[in-house]
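Protein chains: 2
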Amino acid sequence: MAAPESVVSFDRLDPLKLKRDEFLLPRDTIYMDGNSLGPLTKQAKNRVARVVQEQWGNDLIHSWNKNYWIDLPLNVGDTIAALIGAEKGQVIACDSTSVNLFKVLASALKINSQRHIVLSQRDNFPTDLYMVQGMSEFLGHEACQLKSVSEDLLLESLDESVAVLMLTQVNFRSGRLHDMQSLTKRAHEKGVLVIWDLAHSAGALEIHLDQCEVDFAVGCGYKYLNGGPGAPAFIYAAKRHHRDMSQPLSGWMGHARPFEFEHDYRAGEAMLRFLAGTPNILSLVALDAALEVFNLVDMAELRAKSVGLSELFMSCVDTSPSLKDFALLSPRNKLERGSQLAYSHPHAFAISQALIAHKVVVDFRAPNIIRFGFTPLYLSYQDIWSASQMLIKIVEEQLYLEPKYHARGKVT
Amino acid sequence: MAAPESVVSFDRLDPLKLKRDEFLLPRDTIYMDGNSLGPLTKQAKNRVARVVQEQWGNDLIHSWNKNYWIDLPLNVGDTIAALIGAEKGQVIACDSTSVNLFKVLASALKINSQRHIVLSQRDNFPTDLYMVQGMSEFLGHEACQLKSVSEDLLLESLDESVAVLMLTQVNFRSGRLHDMQSLTKRAHEKGVLVIWDLAHSAGALEIHLDQCEVDFAVGCGYKYLNGGPGAPAFIYAAKRHHRDMSQPLSGWMGHARPFEFEHDYRAGEAMLRFLAGTPNILSLVALDAALEVFNLVDMAELRAKSVGLSELFMSCVDTSPSLKDFALLSPRNKLERGSQLAYSHPHAFAISQALIAHKVVVDFRAPNIIRFGFTPLYLSYQDIWSASQMLIKIVEEQLYLEPKYHARGKVT
Chain B
1022 MAAPESVVSF DRLDPLKLKR DEFLLPRDTI YMDGNSLGPL TKQAKNRVAR VVQEQWGNDL
1082 IHSWNKNYWI DLPLNVGDTI AALIGAEKGQ VIACDSTSVN LFKVLASALK INSQRHIVLS
1142 QRDNFPTDLY MVQGMSEFLG HEACQLKSVS EDLLLESLDE SVAVLMLTQV NFRSGRLHDM
1202 QSLTKRAHEK GVLVIWDLAH SAGALEIHLD QCEVDFAVGC GYKYLNGGPG APAFIYAAKR
1262 HHRDMSQPLS GWMGHARPFE FEHDYRAGEA MLRFLAGTPN ILSLVALDAA LEVFNLVDMA
1322 ELRAKSVGLS ELFMSCVDTS PSLKDFALLS PRNKLERGSQ LAYSHPHAFA ISQALIAHKV
1382 VVDFRAPNII RFGFTPLYLS YQDIWSASQM LIKIVEEQLY LEPKYHARGK VT
Chain S
1022 MAAPESVVSF DRLDPLKLKR DEFLLPRDTI YMDGNSLGPL TKQAKNRVAR VVQEQWGNDL
1082 IHSWNKNYWI DLPLNVGDTI AALIGAEKGQ VIACDSTSVN LFKVLASALK INSQRHIVLS
1142 QRDNFPTDLY MVQGMSEFLG HEACQLKSVS EDLLLESLDE SVAVLMLTQV NFRSGRLHDM
1202 QSLTKRAHEK GVLVIWDLAH SAGALEIHLD QCEVDFAVGC GYKYLNGGPG APAFIYAAKR
1262 HHRDMSQPLS GWMGHARPFE FEHDYRAGEA MLRFLAGTPN ILSLVALDAA LEVFNLVDMA
1322 ELRAKSVGLS ELFMSCVDTS PSLKDFALLS PRNKLERGSQ LAYSHPHAFA ISQALIAHKV
1382 VVDFRAPNII RFGFTPLYLS YQDIWSASQM LIKIVEEQLY LEPKYHARGK VT
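Protein sequence lines correspond, in order, to chains B and S. Our numbering applies: residue 1022 is where the first sequence begins, and numbers increase by one. Our numbering applies: residue 1022 is where the second sequence begins, and numbers increase by one.
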């Protein structure tokens, strides 16, 4: 069934439409799970092959200098900085989001050492809470204590006992978007430092870390940044903290002079001190190459398209009587949403599996949620329209009742 | 100049000679720096390309189940276990050696919680010392305190105040090999837990972790295991500690049920609790594929060849009057050596650069040391003989005096 002319014309006018050619998506697939794992780009595929063959294979150990491997963490960081509203020299790409959270938590707690409460949201992505719990067990509750509250209690919980406010900008489940500027300001008024987790926002919407005077941030390389499965994550630290920040994972690559093999640790300059072990080159080059797709992308345009795609989908659901059991869990107001929509449905799991079998890739979150991700660089308005038609077909024809859509895998 | 018949016959009889065909080494290069960065194998090159194209590119998010990405850390760990004398289920591949050291240090200090001294060697690889220093700063000196002593004072420093003995089995600079069995036993007699760093031994010699009753170990994926630049490292933990061990980098992948997104951390079973963030798949598959080269390799044969290669080189140096200024820093006794030789020379830096320019890849360690690595899977006796002849030529003809061999790079 052909899409309505209005949908076709959205695509015709889309300033980002040429970006799709840079992605190597499987044929006929509508990939709405870029918020879990971004797809492969031509640049990433080619660069990984070239680095494996030429740099690892031929140049071997000399690549650390000759091919600038040693500079990758800061260079990739600077590329990411441009996407999140940060001046250069404040972002580094390394390790995982979880490990990086530990580093910035340690830094923030040290700077705000008169306090020990880390305030967060109960439905934050679990790894964020787990990392605070791990630090709390390790250091003792009198040095670090997690206080997780429901979203509506966040503001009233922001008081002078709180050392750090740690929030994820876009909720992994509901897609709800926090007001970074206002929350950061409210925190600072109480002497609280803020850590923002940008896992579901970096590469998906406009972020202004410097302008919002954020203290620290972490983010994920493998979602909207398309860096590949388990790609390196990143850390942002505002320049004003560079002198005072320190973290306990003080490995040799964070040393001021790693190749002098000194006996005592001396923290490297600025962001370098967030490095621990030897950087993982294959995954850094995949991420570096994947970021090329953001060249010349206006993040305001990207955000506008994300909103457009989401609203098209919402209106398809709203106007289809057969989808009346889908309840939107994400905010209706676009200013309060990230780049995904979450719907609950009594048969969410089976419907998500049927969608996937019909090449509309979404994901399921227990107990009854389907997440639809809207990634403007490779999804078209016609894709979204087709996805909604497939959803209608699956529900109307009860295709999801087939037993094969009811078997649970380990990772969904 | 052709090698003497004796050298040629060593190669003819070498049971490992066919392994070289599995490596993609640059033409005419004698690569004696596998102890810094192992070379590319055909298997790794092909597997990375296939995983990028087919698993990331086509199967996308489904690869976590369909292509067993989720099992890679334990599966790669089990493959490594076979190389280091460990029963399955005691090794996991993840993160960097530095980050992994933090995890096992935390575990060991918790198990031995009545004590707080971490005993190590002054000339241990710096990152090992730095990680203890970082933990000590973080936890406080009364909870964790590094005591680093010279090698000859190790035994007498092993007393009831020591919580953990942390040593690198083969010294990164001198190649000196510790007696793992005896030191572990002496430590246990004093109630001290041991952590062995296998960075310069895993894949290079026979290791018997289970038999030596080692408590914990870490090791590097990118040296003798050829996993690629910055490859994931690994952790070994003896089964008897699995119930009691815990570590503060308690990210979601180490949770007992990561995909249930519970609010509170519950440590996963056994080795899984050493995971923090999402595993890096591209680098894990490179390492996994690289390990195939060890299929059917008898580690005793590998060790015998490593000794053979090293002794051939030593005898070439010993019998060449022009090399009289080379002083061997590694032990002469093969039982006390790893798989490398370190020589000092007043012009070590320039000579190392001249060797590299003449396609004998070695590395330099300040202030005046050249390291020669002997990796039996891809080096032949003729390679070693040719390398020694090149060294003689460079010294006799004073080729190293050329100014271009005197410029220092950032990483050497």
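These are computed hints drawn from the structure, not numbers from a lab. A few of these clues could be false.
Pairs involving identical chains hold if they fit within one copy or between any two copies, as the list cannot separate such chains.
To be verified - Derived SDA-like pairs: lysine to any residue, alpha-carbon spacing no greater than 25 Å straight-line:
#: 1; residue 1: 1066; residue 2: 1280
#: 2; residue 1: 1040; residue 2: 1319
#: 3; residue 1: 1066; residue 2: 1088
#: 4; residue 1: 1260; residue 2: 1048
#: 5; residue 1: 1425; residue 2: 1108
#: 6; residue 1: 1040; residue 2: 1080
#: 7; residue 1: 1168; residue 2: 1135
#: 8; residue 1: 1211; residue 2: 1161
#: 9; residue 1: 1211; residue 2: 1328
#: 10; residue 1: 1131; residue 2: 1164
#: 11; residue 1: 1066; residue 2: 1092
#: 12; residue 1: 1038; residue 2: 1137
#: 13; residue 1: 1087; residue 2: 1194
#: 14; residue 1: 1038; residue 2: 1283
#: 15; residue 1: 1425; residue 2: 1080
#: 16; residue 1: 1063; residue 2: 1293
#: 17; residue 1: 1206; residue 2: 1262
#: 18; residue 1: 1038; residue 2: 1227
#: 19; residue 1: 1087; residue 2: 1046
#: 20; residue 1: 1038; residue 2: 1194
#: 21; residue 1: 1211; residue 2: 1103
#: 22; residue 1: 1066; residue 2: 1080
#: 23; residue 1: 1211; residue 2: 1075
#: 24; residue 1: 1040; residue 2: 1083
#: 25; residue 1: 1168; residue 2: 1080
- request: Have a look at residue 1038 and residue 1227 and pick one of within, between, both or neither, based on CA distance no larger than 25 Å.
  value: within (19 Å within a copy, 57 Å between copies)
- prompt: Is the C-alpha distance from residue 1066 to residue 1088 at most 25 Å within one copy, between copies, in both cases, or in neither?
  reply: For residue 1066 and residue 1088, the Cα distance is within 25 Å both inside one copy (18 Å) and across copies (18 Å).
- prompt: Under a CA distance limit of 25 Å, which applies to residue 1211 and residue 1103: within one copy, between copies, both, or neither?
  reply: neither (29 Å within a copy, 55 Å between copies)
message: Cα distance capped at 25 Å. Does residue 1063 pair with residue 1293 within a copy, between copies, both, or neither?
response: neither (30 Å within a copy, 34 Å between copies)
message: I want to check one pair: residue 1260 and residue 1048. Are their C-alpha atoms no more than 25 Å apart within a copy, between two copies, both, or neither?
response: neither (45 Å within a copy, 47 Å between copies)
query: Which holds for residue 1038 with residue 1137 at a C-alpha limit of 25 Å: within a copy, between copies, both or neither?
result: neither (48 Å within a copy, 60 Å between copies)
task: Go through the copies and call it for residue 1040 and residue 1083: within, between, both or neither, with a Cα cutoff of 25 Å.
output: between (35 Å within a copy, 24 Å between copies)
message: When Cα atoms must be at most 25 Å apart, do residue 1038 and residue 1283 count as within-copy, between-copy, both, or neither?
response: neither (53 Å within a copy, 39 Å between copies)
- prompt: Can you tell me if residue 1066 and residue 1080 fall within 25 Å by alpha carbon in one copy, between copies, both or neither?
  reply: both (20 Å within a copy, 15 Å between copies)
- prompt: Between copies, within a copy, both or neither: which fits residue 1211 and residue 1161 at Cα up to 25 Å?
  reply: within (24 Å within a copy, 28 Å between copies)
query: Between residue 1040 and residue 1080, at a C-alpha cutoff of 25 Å, which is it: within one copy, between copies, both, or neither?
result: This pair counts as between: shortest inter-copy Cα distance 21 Å, intra-copy 33 Å.
field: Status of residue 1108 relative to residue 1425 across identical chains (alpha carbons, at most 25 Å)
entry: For residue 1425 and residue 1108, neither the intra-copy (50 Å) nor the inter-copy (38 Å) Cα distance is at most 25 Å.
Violation of the numbered hints given earlier is confined to hints 1, 4, 5, 9, 12, 14, 16, 20, 21, 23 and 25; the remaining hints are satisfied by the structure.
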